[in-house]
Amino acid sequence: MGKRLLSFLMASAALGGIAEAKTVIHVMHQGDPGWVATYGEIAKRFEAANPDVDVELIYAPHDAYNEKFSAAVMSKQLPDVMELDAPFLANYVWSGYLQPIKPLVDKDVIDDMTESNIAQGTYPIDKDLYAVGLTDSSVVLYGNKKYLEAIGARIPKSVDEAWTREEFEGYLEKLSKLEGVKWPIDTFRGYGIKTEWITYAYGPILQSAGCDLIDRKTWKSVGTLDSDPCVEALTMMQKWVTNGWVVPQSSGTNQFFAEGQPAALALGGHWFYAEAAASMKDDIVVMPLPKFGPKGASPNGTWIWGITTASEHPDIAGKFVSFMLKDKLYRDYAREDSAYPGLKSFAADSPLYAAGGPMAVAFEQASKTAIARPPHPAYPAITSAFMGAVDEIFNGGDAKAALSKAAEKIDEDIEENDGYPPFDEQQ
Amino acid sequence: MSDLAIPTVQAKVKSERSSIGSLHMVQTASILVIALVIVSPLFMLLIASLKDDRFQILADMGSFRAFWVSSPTLSNFAEIGNLSGELAFGRYLVNSLIILASTVGAGLIVNSMAGFVLAWGSLRGRALILSLVIALYVIPQESIIMPLVIMVSRAGMTDTFAVQIVPWIASPLYIFLFYQFFAQLPKELFEAAEIDGASVFRIYRSIFLPLSLPALATVSILMGIESWNQYLWPILVTQTDYARPIAVAIATFFGQDSIYWDRAMAASVLMMIPILALYLAFQRWFVSSFVGSAVKG
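For the record, the sequence lines run as chains A and B.
Quick note: the first sequence, position 27, residue 27 per the working numbering, numbers continuous.
Quick note: the second sequence, position 54, residue 1054 per the working numbering, numbers continuous.
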């Protein structure tokens, strides 16, 4: 009996030793239940392929991710791998939370990234890659086929054929007079003023018009955000609102495909296709964003994966990221979710975005017109100030005054942080 | 004179009756409108939870179709009502109930004891302690949340039930509510028991606590609602589904790109049921608790 007990204890100790010898990596992520389950499965598969590693998943809801991240920073519990929203990358790198990912992730994954995907994961100071994703994002112009045919609108099939500003505004006017159309366009004001939508979707309208949220060389906003092209672009959008052409914020985000299809056009994200096509079937056409000035512009950026500086096992963290991005289950689920490809191999395997697919024009934008949001540590201040200005303008405020105020606010934040060195040295 | 006066009085009475009748009608109509405004979102929630197409739910919003379901189904509830797996909302509901019951149970004991000692104990500096307790009440929870996160993470308490219960057991508001209630009870009760040789704890347990049912009910309801509606704290301190409450779990349906309205609505109905049952069971206390806490707190 005594011997048996001793053997049992020794075996337990040995097993305990094995368990202790396991390397644990923490992976922080967000996502709906489908994604949560997918990450859970990937973690299990990675553990099966690497029996000496335990993957512990840390979940935070999408809308409270920043709070959860702040808590992790303050309590010094940063995970090894973290999902992050691309425009916040510069802030995280500048704050010292992320490390370069290129040496840690498989070369074939890096080589597989689209230009837009590389742009969203690159830190402008050292031009190094800090995050990588399977997916990316874009905004296109959805149209109701029967309304567009009724006004004789030209339907562009590629980015090069995008509507000009004159065409676009002319069609809005015609649509406003067409029977059955209550609002010529939904710009998704229903997403509210506290989401990233305004900067993400309306920023490219400014860039297309020939200006930007901030000068990307001097990192000054005054003189750029409140420049004439920006003021004119926002005045143009204000006119759409005051003319009653835009679905109001109070009417939600479903007017393009709701009963009676009261909105004729929708300036919506790639994810909107699944919602709209489910109701409208073949009545939906997908077009590139119009050219509001000298060049075309479209947004990019989504949730991507980075490895933190707090990681004690960055090599294993990198191995996990590589494993996940190549995992069939991950790709299958992303495809089902109409995810916008950020890797070329995934694009080739996504019929929705492949040549001839209904969203092909959206993918074409990634290589031709995509512009990342300002990769600067002051981005949280930039987006907050711009959102406030747009809200003020849409509610009847003076565009020049609102944009000047926002530009000053952004510059103040940068000055208060001593120019976020070394960003100040770029000037 | 009298011939003329009678019709005048009758007319006046008739007119008064009619104006009272009109007033009643206006009152009833107002109540109906208010009830409609309050009940209609709940009704819409229930109807939406019986539809299995999230896109249809979104398309129906903003029209009267939001209040009608042609082929009701319980499939959303079947999908989410599991105790394990991807959509273990049954488990999250149980987690929330465990957290609620433990917080309220322990909270009643701790806060009532503290209130009793402050009201009747022989503690030195009771007035100062009471002032400090009241002063603590004005500090908003959000302002101490980050230091608290650091404390619990250093104590290794993250992702446990305890971390969602322990910090919220003692509360200045509830200590003060109990203090107020106990302080109003006659001094003779305490003195008589003391003369009979009862200890302070015995006086608390056998005399004052049984008399404080209204205060216990008020605190239970207020604490229960507070615990049930906790959102930010569990987000910060839970990591896996082990101790995740239902309020946090529902947020998973609001993704970066799309909202799963069908399941979110069903989960919201699930979350509403226990608190609705509590409300119906303690309706009388519920109203008086709000009045009481507004006056006293």
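These aren't lab readings, by the way, just hints derived from the structure by calculation.
A couple of the hints might just be wrong.
Non-contacting residues of chain B with respect to chain A, defined by C-beta distances greater than 10 angstroms in every case (computed) [what the hints assert, rightly or not]:
#1 A1029
#2 I1031
#3 L1083
#4 S1122
#5 R1154
#6 I1225
Sample of chain B residues at the chain A side, in silico, Cβ under 10 angstroms [as the list claims (entries may be wrong)]:
#7 L1058
#8 G1062
#9 L1087
#10 R1091
#11 V1094
Residues from chain A that keep clear of chain B, each with C-beta distances beyond 10 angstroms, as calculated [as the list claims (entries may be wrong)]:
#12 D52
#13 D54
#14 A60
#15 Q99
#16 D106
#17 D111
#18 T122
#19 T218
#20 G244
#21 E275
#22 K291
#23 R335
Built from N, CA and C at the ideal position, the CB exists for glycine as well.
Once the closest CB in chain B is found, is it more than 10 angstroms from T122/A?
Correct as stated: the minimum Cβ-Cβ distance to chain B is 21 angstroms, above 10 angstroms.
Would you check whether V1094/B satisfies its interface hint, that is, whether its CB is within less than 10 angstroms of any CB in chain A?
17 angstroms, violated
Beyond 10 angstroms from each Cβ of chain A, as asserted for L1083/B:
15 angstroms, holds
Beyond 10 angstroms on every Cβ pair: is that true for T218/A relative to chain B?
32 angstroms, holds
Beyond 10 angstroms from each Cβ of chain B, as asserted for R335/A
14 angstroms, holds
With chain A as the partner, please determine if R1091/B meets the hint condition of a C-beta pair closer than 10 angstroms.
At about 13 angstroms, which exceeds the 10 angstroms cut-off, the nearest Cβ of chain A leaves the hint on R1091/B violated.
Interface exclusion of I1225/B relative to chain A, criterion Cβ beyond 10 angstroms
21 angstroms, holds
Is the Cβ of S1122/B more than 10 angstroms away from each Cβ in chain A?
41 angstroms, holds
Can G1062/B be said to touch chain A, with a Cβ gap under 10 angstroms?
Holds: closest Cβ of chain A sits about 6 angstroms from G1062/B, inside 10 angstroms.
Interface hint compliance - L1087/B to chain A, C-beta minimum distance less than 10 angstroms:
5 angstroms, holds
Are all C-beta atoms of chain B more than 10 angstroms from that of K291/A?
26 angstroms, holds
With d taken as the least Cβ-Cβ distance between R1154/B and chain A, does d exceed 10 angstroms?
7 angstroms, violated
Violated hints, in rising order: 5, 10, 11, 14, 21; the structure is consistent with all others.
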